[in-house]
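Chains as they are written, first to last, in the working numbering: chain A, 1 to 331; chain B, 1001 to 1393.
Certain hints may be false.
[Stated by the list, open to error] Label-pair ranges, simulated between beta-carbon atoms:
id, chain 1, residue 1, chain 2, residue 2, range
1, A, 74, B, 1083, 26 to 32 Å
2, B, 1198, A, 234, 41 to 47 Å
3, B, 1001, A, 74, 29 to 35 Å
4, B, 1198, A, 112, 42 to 48 Å
5, B, 1201, A, 175, 52 to 58 Å
6, B, 1136, A, 266, 47 to 53 Å
7, A, 180, B, 1283, 51 to 57 Å
8, B, 1083, A, 9, 37 to 43 Å
[What the hints assert, rightly or not] Partial pick of chain B residues on the chain A-facing surface, computed with a CB cut under 7 Å:
id, residue
9, 1156
10, 1159
11, 1230
In short, the hints are calculated from the structure, not lab data. Beta carbons are placed, not taken as given, at the ideal position from N, Cα and C, and that holds for glycine.
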Amino acid sequence: MSYPDAATAPPDPRTHLTAERTRHVLGLQHRMLAEARAFLGARGFTELLPPVIGPVTDPGGRGAKQVDVDFYGHRYKLMTSAILYKQASLLGFSKIFYVAPNVRLEPLETTNTSRHLAEFHQLDVEVAGASRDDVLGLLQDLVGHVVRRVVEDAGDVLEALGRDSGAFADLLGGAFGRLSHATAVETLRELGHPQSADAEIDWAGEAILSEKHARPFFLVDYPKGSRGFYDRESTSSPGVLRNFDLIAPEGYGELCSGSEREYDYGRIVTRMRETGENPAKYGWYLDLVRSGIPASAGFGLGVQRFTRYVAGLDAVWQATAFPKLPGVVSP
Amino acid sequence: MFPPFEEYGTSLFGAPSGVSPDLLESARLVPPVFVPRRLEKLIELGREPLYGDVSLSTSIGGFASSLPLYLSAFGSTRVAGSGLGAAASAQAAWLGIPMVIGENVVPTHGHGRVDGASAGTLLERLRAYADAVPDGLGGVVVQQSTEDADAEVWNLVYSDPSALPLLESGRLAFELKVGQGAKPGLGGMTLVDSSVAASVASLYAVDQSLGSGVLRSSSPGTFTDEILRQQIRLMRNNFPRAGVWVKLPPGRDVGVAASVAWAAGASAVTVDGAEGGSGWAPLSFAAVGLPLAECLSRIGTPAGCLLASGRMWEGTRVAKVLALGARAAGLGRAALLAVDTDPRAGLVRFVEALALELRLLLSALGQYRADALTPDDVWFPGQAERVAEGVLS
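Pulled out of the complex, with its shape left as it was, chain B reads as follows (with noise of 0.2 Å):
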């Protein structure tokens, strides 16, 4: 039913290729032949445009960010907690992307604040994050479960004088996480010894024993699109600083989800395909889950800030998301691989080549802006006729 225990903790998980048809795999980035933006750069320019002439800089969720990427939550994943998450931290930073915090950190790891920064503590990635992030670029996102409700995390993050300078330059916001890829309909899950289930065992499920460990479980919440509305209401109301973004799974009614949260206030919504996901999830939910593709098709021409996940590890998919309606894309088990290969450098690296990936691409769609790609731009097998009608319109 489960990936093998003996790799809890030491392997990242997620969906296998090719368990699901993906969509976005199959389908295409499809040049014209005739460019008018490359006869505006060239203009403007007075010279032939090349790759290096296309600006990647925009803005995601109210936030400035120098490429349209962001670092996606890691959640409480044993392997995202040992230091990991605050190396990827100060990357990301540095990189002048956003970065969101995942939940049940702080009842996974504490909150480091009486105790002093520990490893893996939600304050530790965020002063990691503080410390390296250049003026005007970036913002923190910090998630809360139901689980953290208890702990309170949003308003200790709200009230705590490590965030102040993020505040105070409007680059903190709170997630509202409804669900996830990787698992949908369920909430979090993670493998822990059967000392640490007893002293958890107020707040979580730990009912089923695997191997040595303990499956701990989150409950998934329980949403209505009256519940989804007012808690977005309640978060603005409460932390009106801050933004709001709210994390959707890949469900059927992704596309209503998404409205109610924008028409609500949300500053973005993150849509997880099922192709997500860096942690602990049954086997069976391999096959769960609406395809990122067809969440991005359901939800049509965004009315807000749509961000995408799952499965972003090279340019050519991150280009077909932002076309499909995208404005950024989520980095996530392949941020934590590359930050994992290199402690001090590994993320750098990674986004440095997909925004080269994405500078070729874009350019040769005879694009120049990070947020000038339209569904015109990817064409799906089967759907020749589409293209047609985008070229000769």
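Looking at chain A on its own, in the form it has when it is part of the complex (with noise of 0.2 Å):
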């Protein structure tokens, strides 16, 4: 049977889990995610083993759902994300790191972007006292890493993929650059793309952006009202966050977000408000940050789409074992 390209669903188990191909990617992947772990060891960071459920999460973007699930007659949500988790380990360790499974019900309209999953992994970063310049520069530093040992150590891998590692020639050899999100949107919109001042970049400018670079860029500096109540509003530029999204090129798009964080009590509160929450329902982590939690800088990148940026794959989901697509029903 010949493997389905991306643009078809993915296949049954048997044929997915057994195709040479989807070995060949989860073994890179194995090999990445060890990669990673050996190097953020090596800087001092521990590794903690994330939460699945809580009583609130990251309340998200761009039309996710989250899912509920029935905590003794509670509800409670899978982690869309952890990172009001991380802030709250900063008070035992100043660096950790999670591999943190995630699900999102993303709206539909992302079934065929090649990029999405409802369920996914990130290699979610947290470090205490951090700038963003800091935590920009141990994302360049962790990302260049693994693709070195990657092309160094797995060559033949890549090849047997078709992937080319030249790829990764201007990845290797020089820093990431950096983009506002204001110059995104001006260059987007002298290239005849409608794209709103207020929001996050969409997915075709993104698309846009992506295909114009040839290494990884730090998409920087993102409006309020783009993001989560969590990402830091600049004390010398209001209204614009201090945050980032890490690029990659070719057309692979966004592989990670990341940000200074907010941490002030009161701050946090009137950022929940302006992002729509309900501060009610974040008690336990309101009440931590009223009693003090570290200044931190962080980020969390997509295993899966990293791992498809590296390998060169059509979809996402040909990075993960069993995919599950937005709103396509699957084991």
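Two chains, two separate frames, one set of hints: put the complex together.
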């Protein structure tokens, strides 16, 4: 049986799991995670096991729905991301990471973007006392380390997957550039793409920017109103967030989001209202924040998206053993 | 303090007429002698125009509508949940007018996804509407309050297959409920049984016993100009394919709030006059909030699509708010009464009567389009000079 292409739904589990291509991809992913753990361990990070359910989770954005869990009669949520727990964990350790499973019931329009899964994993990193520059440097080093090890140690796998390792020459050869959200909006409008200045770069716009770059780059300074309450608002430029996305070149698009975090109680409650959240449901988190949590910065790197980029896959579902596309009933 | 609790669930509440000065009631529509738009219509038709030549189709908050009317939210009022909501949905759809589904419908009646569409659920109303609406007309607007945010009503609808036909045809919007006319400054209120009260105590305030029931109160929500602006932007960011409506209470700063909403990208702003509302409200709130006419006056010339609601039960009142800047009028209590009278066709008959009245009134004013009325078409007692200027200009 020939292996289906990205335009079709994932095949049945046996076909998918026994395909040589899948085994190459998942083997490569295993290697990438091992390298990421080694890199972060050498930098003094502690790996913690992530929570899976909680009374609240990351409110997220772009219309994704959370999954409710009946926890002894209380409405709990599956983690859409463990951001609130990452901040809390810094009370015990100053540099932490998770390899965290996330579930987001994405809008059905994402089924065919080639880059959305309803269930996926993030390499979730948080650093107490860090600035955005600190974690941008860390993320660039982390991505560079993993890609370098793959290129040097697993060239045969890349070749078997049809991925030209020359695609990473620029990535390994220099620093990732930075593009502000405002500049990105301007660029897209000049190219005839109607990008809103108040919103996240839409998927089509992101693909355009991604195609124009030869190495990954950082999109920074999103406007308030496009992201969650925990992304820190600039004190010198109100309305601008101290956050970023890492965008892969060649049209692969966003791999990672991160930011400096809000940690001041009053600012967080106000930002919760600005994002339409009900502070009452964040009781445990706000209690912690009120009595003090460390300032921090961090990011979540999508494991399947990173794998897709390194392996040169058509679709992100090919980088997971049991793919769950938005709205598609699957094992 | 409250209406008799025995009537809860069987009666519709709302401000009795005459409690507060209702300037709209005392205002008059004032047809001119000279009618240049009628001459234009005469030339177009090649015969004298009649009321049947008035076109009432218009655009409401990004939706094409057959009439300058939409169905307002009934909220979680128990009366609205007992099958009448779905009956009203189907009739609004058949008429080709937009419909708003109220806040607290999900926490109160459930969303109807996994368990099937049981009576009163959000998705039942949505499907009833989608099944009956003609191509290219109407649209559904889903409200979300602070408590609804916990249930992620918008996210649910945006990712639900049953909403897809409306979403893909540009006929889905979300309404941010900043407040309401019947009790400005308070959140939604309903009476629930004491057994229900215990189960919702973590979401709502349930601290007042009234007769055999318990008062369940939503929070009014905290808004500043920046909170309103950012919430609208986040809605546009998170739901790029849905419109954004904003419902304002009859607050004294309603003009500023409307400007903030339009500047942030709202596709429609609804102002609910103090005359509005079909739900449970403390009697003391009969004297709270600006009358609709004053709200419209404070908003002035709208910078975007303005919608008005509050005791819209006959055509003259609708025509007056259209003349004072509104693109359309919201039908609330009157629509529910019509559906209750005849669940099969009550709303259709009521709206058809309104449409006939509007055609008669607009043609009398020498206008033939729903959006053609101006403040000159309305006279308020004591403002004779305003009309004079209009006629002379």
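Outcome of the hint check:
A hinted range of 26 to 32 Å for the beta carbons of residue 74 of chain A and residue 1083 of chain B is consistent with their spacing of about 31 Å. For the pair residue 1198 of chain B and residue 234 of chain A, the supplied restraint of 41 to 47 Å holds, since their beta-carbon distance comes to about 45 Å. A hinted range of 29 to 35 Å for the beta carbons of residue 1001 of chain B and residue 74 of chain A is consistent with their spacing of about 33 Å. The hinted window of 42 to 48 Å between residue 1198 of chain B and residue 112 of chain A holds, with their beta carbons roughly 45 Å apart.
Separated by about 55 Å at the C-beta atoms, residue 1201 of chain B and residue 175 of chain A satisfy the suggested range of 52 to 58 Å. Between residue 1136 of chain B and residue 266 of chain A the CB atoms are about 48 Å apart, so this pair conforms to the stated range of 47 to 53 Å. Between residue 180 of chain A and residue 1283 of chain B the CB atoms are about 55 Å apart, so this pair conforms to the stated range of 51 to 57 Å. A hinted range of 37 to 43 Å holds for the C-beta pair residue 1083 of chain B and residue 9 of chain A, which are about 39 Å apart.
Below 7 Å, beta-carbon pairs count as interface contacts, and residue 1156 of chain B has one with chain A at about 6 Å; its hint therefore holds. Look at residue 1159 of chain B: its Cβ gets to within about 5 Å of chain A, closer than 7 Å, so that hint holds up. The closest approach between the C-beta of residue 1230 of chain B and any C-beta of chain A is roughly 4 Å, which is under the 7 Å cut-off, so the hint is satisfied.
In the structure shown, no violation is registered for any of the earlier numbered hints.
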